[in-house]
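From first to last, the protein sequence lines are chains A and B.
Under this note's numbering, the first residue of the first sequence is numbered 1, with each subsequent residue one higher.
Under this note's numbering, the first residue of the second sequence is numbered 1, with each subsequent residue one higher.
What the hints contain is simulated information worked out from the structure, not anything from laboratory work.
The beta-carbon is built from N, C-alpha and C at its ideal position, and this holds for glycine as well.
It cannot be assumed that every hint is accurate.
[Claimed, not checked] The calculated EDC-like cross-link candidates involving lysine to aspartate or glutamate, where the alpha carbons are at most 20 angstroms apart (straight line), are:
#1 B:199 x A:51
#2 B:160 x A:51
#3 A:48 x B:282
#4 A:48 x B:123
#5 A:48 x B:174
#6 A:109 x B:27
#7 B:160 x A:157
#8 A:64 x B:282
#9 A:109 x B:20
#10 A:109 x B:203
#11 B:205 x A:157
#12 A:64 x B:123
#13 A:109 x B:174
#14 B:338 x B:17
#15 A:109 x B:172
#16 B:199 x A:45
#17 A:64 x B:150
#18 A:64 x B:226
[Said to hold, decoys possible] Examples of chain B residues toward chain A, derived with CB under 7 angstroms:
#19 79
#20 83
#21 149
#22 152
#23 181
#24 182
#25 183
[Said to hold, decoys possible] Covered by chain B, per the in silico footprint, the following chain A stretches (three or more residues, Cβ under 8 angstroms):
#26 71-85
#27 140-152
#28 195-202
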Amino acid sequence: MALRFARDGSAGLSLVARHGDQLNAVHNELRKLAPQIDIVVIEADVSKPRDIERIVATTLAQFKGHLDVLVNNASTIGPSPMPNLLDYPVEDFRQVLDTNLIGPFLLIKNALPAMTERGGSIINVTSDAGQIGYPGWGAYGISKFGLEGMSQTWASELEESGVRINWVDPGSMNTAMHRAAEPEEDPSEWANPAGVTDVFVFLASDESKGVTGKRFQAQEDWKATLSK
Amino acid sequence: MAAPFTFTLPPELSAKEPPERRGIRRDQVRLLVIERATGKIEHTRFDKIDNYLRQNDLLVFNSSRTLPASMRGCDCSAAHGPCMEVRLAEHLPDDSWLALLLCEQGDPFGCGLRAGMQIEFAEGLNAAVLARDLNIPRLWKLRFSITGTELVDLIYRLGKPIRYEYVSAPWDLDYYQTVYAKEPGSAEMPSAGRAFTWKLLFDLKRRGIDSAYIVLHTGLSSYMDDELDRAHPASEEEYFVSRITAEKINSARENGGRVIAVGTTVVRALESVADSDGRVSEKQGYTRLKINRQHRLRVVNGLLTGLHEPEAGHLDLLSAFLPAEQIHAAYEEAIARKYLWHEFGDLNLIL
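Chain B on its own, in the form it takes in the complex (with noise of 0.2 angstroms):
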């Protein structure tokens, strides 16, 4: 699907280090609000958001924790096989695993990626390459030698997380933390809360604003593939909602509070389970559920989230909140003052 709208995104406007390295706190990146009933557009700072929030508003987290997703393997089916960072996807039903494999000489795909193949990494662990995956081509199914706990023990030893080519250095796995983070298992982080601090979450609680989560543990933002990227197939992705999640969420909106959702994750998660009154119950399950203009959103009210590329997923998610053309507008503005884009970036408050 063609996003909403297009615009050019200026490399130096790429965030290349985390805010806390560019000398400023977690909480002191810029934030972009837009007024959903007016389109009316104010520029402010992440830490004055308590300004747009009132009591009995609640804001919903994606708790998912980030994984170093990004491991090296080896081919050892074949003498002197081919090296290559493996960068975990997506952990699916039956034990195995969507990754990217990309080789580490010359053509990232070009290095004789096949089924069949078996990935040595460290420490004993070893993965056979089963197929490709049908609907992201560019994913190949992978099931390891080794499973559960102890897996994700050996993903913890081994990985580093995934590194895009805007970013500045390889910054340690709590730069891509949420403080807020519990349970492991997203690929990148979710980063539309990366701004929080546990200060504001307890202040905002004293007025009012109480905080509650799910999880939906993000896949990749990038196949590094420029076609694929650009038609951005939806993934399935498993989300919970429990339910003290779903008790808080019911409660906030009969008391006239308003629900926000933290990242395009959990919008995706809530419209999934929230009946057609909007009411929410505790349910664990997978989406493919495809938020665009056309979506009547039946729970959330309001996002905070980053600014995207101008590619169609997210662009198309904002456009179900507010017409493309106010979008657009307010993406110029924020592209002509300088706004930052990506993980470690600014963010967005449609409310």
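Next comes chain A alone, as it looks inside the complex (with noise of 0.2 angstroms):
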């Protein structure tokens, strides 16, 4: 995604992953494709607060206060193999809604501020999983139904305030999450990350201004969408 960002003409980019190796990989990527963008690379983990402070706080003194778009990405499955909720330990539990639920409600409260001036777009990533209780899905699908009922709170409490909030289903892919979680499957069915940017760079862009409050399928016809 933050290939296809700097391709489609970001004038900054601030990566945040829990592994320096990681992102210092795509950093040299970005570099070599695009050497104009600002890029700023953070090594923080969203289910600490404190971390979520920091990642803030950097990002905004690289960008001298300015913030037009914050992506939802990260997202942590639980134990893999995936324990049903009967056998889910708790610890693991609180880990899981602490990365992919306060995660999120933590980078908007803190990075909101940044976007009611000249406006903004939120972007959470969810899953189907966050509208059918799979069985063995756990804490993940639980973590992502909020996430979509606290989207739905933020895109009516934000209205007014200029800022749009939207959520995408990416649908299947073959990253190294849902491989730990489905072993068993074959991954060559799935889609690459790269080939379901498009409804991101649209919700980024200020094509998608006014559009708020809905929630996108990556790979199905995402534009039907915005008639409904």
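With the hints as a guide, bring both chains together as one complex.
Dropping the structure here:
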């Protein structure tokens, strides 16, 4: 997604992940692809409130208080293989909610001031497990149900603020997290993450001004959602 | 300069915890309202502030975010060098910092603080102590081994909010932020706006009372030195007034609205950029403007602020809005009615 945003003309990017080596690899690719972009790389864990303060402060220090887009796509699946709820250790349950639900809540809360003056776009990444209670998808699915509910609430509370908030189900994707969740499945049938970025670019751009409170499915006819 | 009046602040009137930890919401602190034209005093609650505002009024906020500006480091230029609390005060244009150094053991200034000392923090961060500040001699000029955004990242990893002795617990940094805080840089919270919630801001906007933002990174309110604190030397502060804010201010004035500064930092920034007719333009710069009873306010009509200590600086600024005896009378009422002082305390609206 970062590469796609860079290709599509972002002026600046703030990249956040837990592992510095992966961040640096993306950073190096971005440097080659779009050397003019202002990039800040932050090694942090969104399940930790203190890290969230640092993410937002460091980003806003780099971009002089400006922020146009926030994509909440950090997510954890929890223990793998995924236990049924009856067998779910409470600490793991909490960890999943901290990353997938509390993290986005705090990021939005902290980043919002930088968006209210000029408008902005928040995009939360959800899942079909946030609409259907699949057996075995325990805390992950529950966190995504929560994320979708929270997104609706934010959207209605922010109606007059100039900040739009939408959420996107990217569909089955060939990511390390998905492979860990379903090791018995064939990942070649899943989409490459780079192939589902159109809707994110649309929601980040001025073309989506006025579009708020909607759920998009990246691998379906997502433009049809606009007329619903 | 001497304070325009003096009073005794009973220690129990220091707010020891954030309102949310005293069982009320952040917007339920008390509000002391003083009418400039008549000197009339009213006592209310902050969430009723809209009763005193009207369409076309403009609230101007300082959106500087509070840094976790207190860091622990040790002198590594000597064997078994002393450890100290480093309170960041100001980021200077040459990328150095002014900081207050407080020794951990014994006399806070008595552990051999000197130019040339190297302070070692955690995570590989170091700072060279360059010299004492000429203007405020309790401050030292430091140069960190890391600069820019990387340093901001490390300050947030290592630091905690500056905490004064009257605060009952080491509250998280989140308690030291206004809801609208953006760019990091303040040593201490610009606390006059702490009581605002987003709901109140949206409600006010719906009623035609708009908001605008400036940035002025605040320095330290105390140098832990009574004599120096009493003198309250004016420091030079960097401010930023955006084009959007300048336009909103000029438009509010043209439409008969009042410009209401949320915090003394906003008064200082706006009065620094206003021309003699009170028009404001986009500007970034440094100010040493001293506002006192002789200052004729050019653009700011009203002020929301905390209750200030019986020392010169801020009370002096208030006397640009009201005669000192009126402020004094209002403060005596506030004491009698047990208003709370300091960053988590009650507020004062002067209109």
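With chain A as the partner, please determine if residue 149 of chain B meets the hint condition of a C-beta pair closer than 7 angstroms.
-> 5 angstroms, holds
Are residue 205 of chain B and residue 157 of chain A close enough, with their CA atoms no more than 20 angstroms apart?
-> 14 angstroms, holds
Between residue 109 of chain A and residue 20 of chain B, is the straight-line Cα distance small enough, at 20 angstroms or below?
-> The given pair, whose Cα atoms are some 17 angstroms apart, holds under the 20 angstroms limit.
Residue 109 of chain A paired with residue 27 of chain B [C-alpha distance capped at 20 angstroms] = Measuring from Cα to Cα gives roughly 17 angstroms; hence the hint holds.
Are residue 109 of chain A and residue 172 of chain B close enough, with their CA atoms no more than 20 angstroms apart?
-> Holds - the C-alpha atoms of residue 172 of chain B and residue 109 of chain A are around 16 angstroms apart, at most 20 angstroms.
Given the hinted pair residue 160 of chain B and residue 157 of chain A, is their alpha-carbon gap at most 20 angstroms?
-> 32 angstroms, violated
Chain B over the stretch 195-202 of chain A, status - at least 3 residues with CB closer than 8 angstroms | Violated: only 0 residues of the stretch 195-202 of chain A have a Cβ under 8 angstroms from chain B.
20 angstroms Cα cutoff - pair residue 48 of chain A, residue 174 of chain B | 13 angstroms, holds
Hey, residue 48 of chain A versus residue 282 of chain B, does the alpha-carbon distance stay inside 20 angstroms?
-> 38 angstroms, violated
CA of residue 160 of chain B to CA of residue 51 of chain A, is that 20 angstroms or under?
-> Status holds; Cα separation ~13 angstroms.
For the pair supplied as a hint, residue 109 of chain A and residue 174 of chain B, confirm whether the alpha-carbon distance does not exceed 20 angstroms.
-> 11 angstroms, holds
Has the given pair, residue 338 of chain B with residue 17 of chain B, been kept, meaning a C-alpha gap of at most 20 angstroms?
-> Holds: residue 338 of chain B and residue 17 of chain B sit about 15 angstroms apart, inside 20 angstroms.
Hint compliance for this structure: hints 1, 3, 7, 12, 16, 18, 19, 20, 26, 27, 28 are broken, all remaining hints hold.
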